[in-house]
Amino acid sequence: MTFSNPAPAAADTAAARRRRRADGRRALNSNAPSHRGDARLAWILIAPAGIGFLVFAVYPTIRGVYFSFTDYHLLSAPQWIGFANFIEMVQDQTFWASVLVTVYFVVIAVSLTLVISILTAAVLHRVTKSTAVRGLIILPFLISGVVAATVWSWMLDAQLGIVNEVIRALGGHGIQFLTSRQWAIPSLAFIQVWKNMGYTSIIIFAGMQTIPASIYEAGRIDGANERQMFFRLTLPLLRPILALVLVLNVIGAFQVFDIVSVATKNGGPANASNVLQMYIYQKGFGQFDFGYASTMSLALFVILIIITFLQMRLLRANESDNA
Amino acid sequence: MTTATSKLVLPAATTRKRRRAASPGRVIAWVYLIAIIVITLFPFYWMLRSAFSNNYSMIADPTSPWPVGFTLGPFERVLGLATTQQSLAEGGSGASVPILHYLGNSVIYASLSTACMVFFSLIAAYAFSRLQWRGREFVFSLFLAALMVPAILTLLPNFVLVKELGLLNTFAGMILPTGLFSAFNIFFLRQFMLGLSTEIEEAALLDGASRLRVLFGLTIPMASGPIITLSILGFIGQWNDYFWPLLVTSDASVQPLTLGLAVFKQSSPQSQPDWAGLMAATIVAALPMLILFMVFGKRIVNSIGFSGLK
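Heads up: the protein sequence lines correspond to chains E and F, in order. For what it's worth, this note's numbering labels the leading residue of the first sequence as 1, then goes sequentially. For what it's worth, this note's numbering labels the leading residue of the second sequence as 324, then goes sequentially.
It is worth saying that the hints were derived from the structure and are not from the lab. Keep in mind that the hints are not guaranteed to be accurate.
A short, non-exhaustive set of chain E residues, derived as facing chain F with CB atoms under 7 Å [said to hold, decoys possible]:
{"hint": "1", "residue": "Asp38"}
{"hint": "2", "residue": "Ala39"}
{"hint": "3", "residue": "Leu41"}
{"hint": "4", "residue": "Ala42"}
{"hint": "5", "residue": "Leu45"}
{"hint": "6", "residue": "Pro60"}
{"hint": "7", "residue": "Gly64"}
{"hint": "8", "residue": "Pro78"}
{"hint": "9", "residue": "Thr120"}
{"hint": "10", "residue": "Val123"}
{"hint": "11", "residue": "Thr131"}
{"hint": "12", "residue": "Ile202"}
Computed list of lysine to any residue pairs in SDA-like fashion (alpha-carbon distance at most 20 Å, straight line) [claimed, not checked]:
{"hint": "13", "chain 1": "E", "residue 1": "Lys265", "chain 2": "E", "residue 2": "Leu100"}
{"hint": "14", "chain 1": "F", "residue 1": "Lys486", "chain 2": "E", "residue 2": "Tyr281"}
{"hint": "15", "chain 1": "E", "residue 1": "Lys265", "chain 2": "E", "residue 2": "His173"}
{"hint": "16", "chain 1": "E", "residue 1": "Lys265", "chain 2": "F", "residue 2": "Gln595"}
Backbone N, C-alpha and C define an ideal beta-carbon position, used for all residues, glycine too.
Work out the full structure: start from the sequences and follow the hints.
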């Protein structure tokens, strides 16, 4: 292992922020010797990225919106049908059930991830700066959702899974974690939490390292105790970082697919784990109803955009706090 | 800066208190931390323990902390080294899963797409940070806007496009959408280059070196730190990617390991899955990431602070 001294991960974000501020100035004062011929070279250098941007980001975005107003089954050209897909979606019980399931998943997964991560970051900060410990807790972030889902399927197996064996040994009844309506989503959310809590803790930990010492000195002089300082100083000062990890986790959880598709089959028992991404996939690639699948993608897209903008407002509103 | 702030986030932990062997708060904190570490690591241990077990014996003794009937059989099964008889004798399904083949596909997919992504971002970042041209800020802000757009809307149309281009079931089809353009990488490298002193580069230009020579001879070597970091993060992301390859590949000849593993998992008999074999396969899938972690652990941990921007 290559761990030696703990280096401040947070310095990266702080430095980046400072650099960003300096950008404008430096760009104007750039006094490089010659900028003749720059434009031609510049267009050549950004050509690959530019083509990728236009062909695989801009064009499909426009096309995705267009598809959602069409009847499109992949074999023949899309047929414009106006708002028919949207009307279908609003009346589609399975769609709303799937939205509910997704929101249920997001709420459990994100709230647990955040609470555990904040606690873990605070404890890490208090007791050890060891990079090795931080390294260990991000291990689940390095493996794929497919691997995580496979391992937990085995551990949560109703018959032979170690978790149920332990529950039975303690005198409880075995639980159908991934095969019952009631438990499917909480179990999947737990796998998601397991996979993301270390990663989120490290980001929050990095944020804690950027909080200037003087603020706490002032707090201590004012007679605040440790708990008060945590709730009145640490948490408010961390708000930009917390808003960031909140939105990262919410966006990730809303688009959950691999864990659900591997750990439960075909939307789970009685569609109990038929999350939105799964339903979109089934409509698109199971029934080749690309028009309707695009409409639901657009709906999910709008949900995510709204969340992103809410988060940006949160971030901006708090920028002064950390200055 | 680290040392200065380290004691002050929870400032009641003064130096005096720290020296005391065990305050109750510290004990609780350590107990919590150890619990988190155990929960984090136990599945990895269980993966190992099960992968070295005989699948039949494991059913009889599901709680043993050690491998039950220690055997390399599960690995032989998933690597295609065991005969059908051997595999059935140890509780395998008898069907062969070409895990090594999937592994090779993953290596090609993850390294090519990461290399493309980082290289194309690098030259674009140079254009955005070192060259003066009209429309620079405008194009850059357009690129940045792409960071705001979640992938969900573009996935289906991109599939249609790749299909129309005749690139389904090809590495090109898998790689192109992510390999050409990465807003985050361009943004990150541009920020880094803007923060880098340009004196040496300007001296080289005055000495008559061409822009391209400066880019490849000076700027890129100076940016090696962020290049390595972005490559590692990119490689992890691509290695673990599941949804996009699922859309554009149906042929095992190009499918990556994530898909192979999912197929293995879904096709294992519901009544008596080959858990030992599955765990061996997950180890094969996770091992490259774990090796990457052994080599670059500290860099990965430290880069996550800013990867949060992604």
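Taking the hints in turn, this is what the structure says about them:
1. This hint holds: Asp38 (chain E) has a C-beta 4 Å from the nearest C-beta of chain F, less than the 7 Å allowed.
2. Nearest Cβ of chain F to the Cβ of Ala39 (chain E): about 4 Å, under the 7 Å cut. The hint holds.
3. The beta carbon of Leu41 (chain E) comes within 6 Å of a beta carbon in chain F, closer than 7 Å, and the hint placing it at the interface holds.
4. Below 7 Å, beta-carbon pairs count as interface contacts, and Ala42 (chain E) has one with chain F at about 4 Å; its hint therefore holds.
5. Restraint check, Leu45 (chain E) versus chain F: the minimum CB separation of about 4 Å is within 7 Å; hint holds.
6. At its closest, the beta carbon of Pro60 (chain E) sits 4 Å from a beta carbon of chain F; the interface hint therefore holds under the 7 Å criterion.
7. Look at Gly64 (chain E): its Cβ gets to within about 4 Å of chain F, closer than 7 Å, so that hint holds up.
8. The interface hint given for Pro78 (chain E) is violated, since its Cβ lies 9 Å from the closest Cβ of chain F, which is over the 7 Å cut-off.
9. Taken as an interface hint, Thr120 (chain E) checks out: its beta carbon lies about 6 Å from the nearest beta carbon of chain F, inside 7 Å.
10. At about 5 Å, the closest approach between the beta carbon of Val123 (chain E) and any beta carbon in chain F falls short of 7 Å, and the interface hint on this residue holds.
11. Proximity of Thr131 (chain E) to chain F holds as hinted, the smallest CB-CB distance being about 5 Å (cut-off 7 Å).
12. Annotation: Ile202 (chain E) was flagged as interfacial toward chain F, and the flag holds, the nearest CB pair being 5 Å apart, inside 7 Å.
13. Straight-line distance between C-alpha atoms of Lys265 (chain E) and Leu100 (chain E) comes to about 19 Å, which keeps the hinted pair within the 20 Å bound.
14. Restraint check for Lys486 (chain F) and Tyr281 (chain E): the C-alpha separation of about 16 Å stays at or below 20 Å, so the hint holds.
15. Straight-line distance between C-alpha atoms of Lys265 (chain E) and His173 (chain E) comes to about 24 Å, which puts the hinted pair past the 20 Å bound.
16. A hinted pair counts as satisfied when its Cα atoms are at most 20 Å apart, and Lys265 (chain E) with Gln595 (chain F) qualifies at roughly 16 Å.
Violated hints, listed in ascending order, are 8, 15; each of the other numbered hints is respected by the structure.
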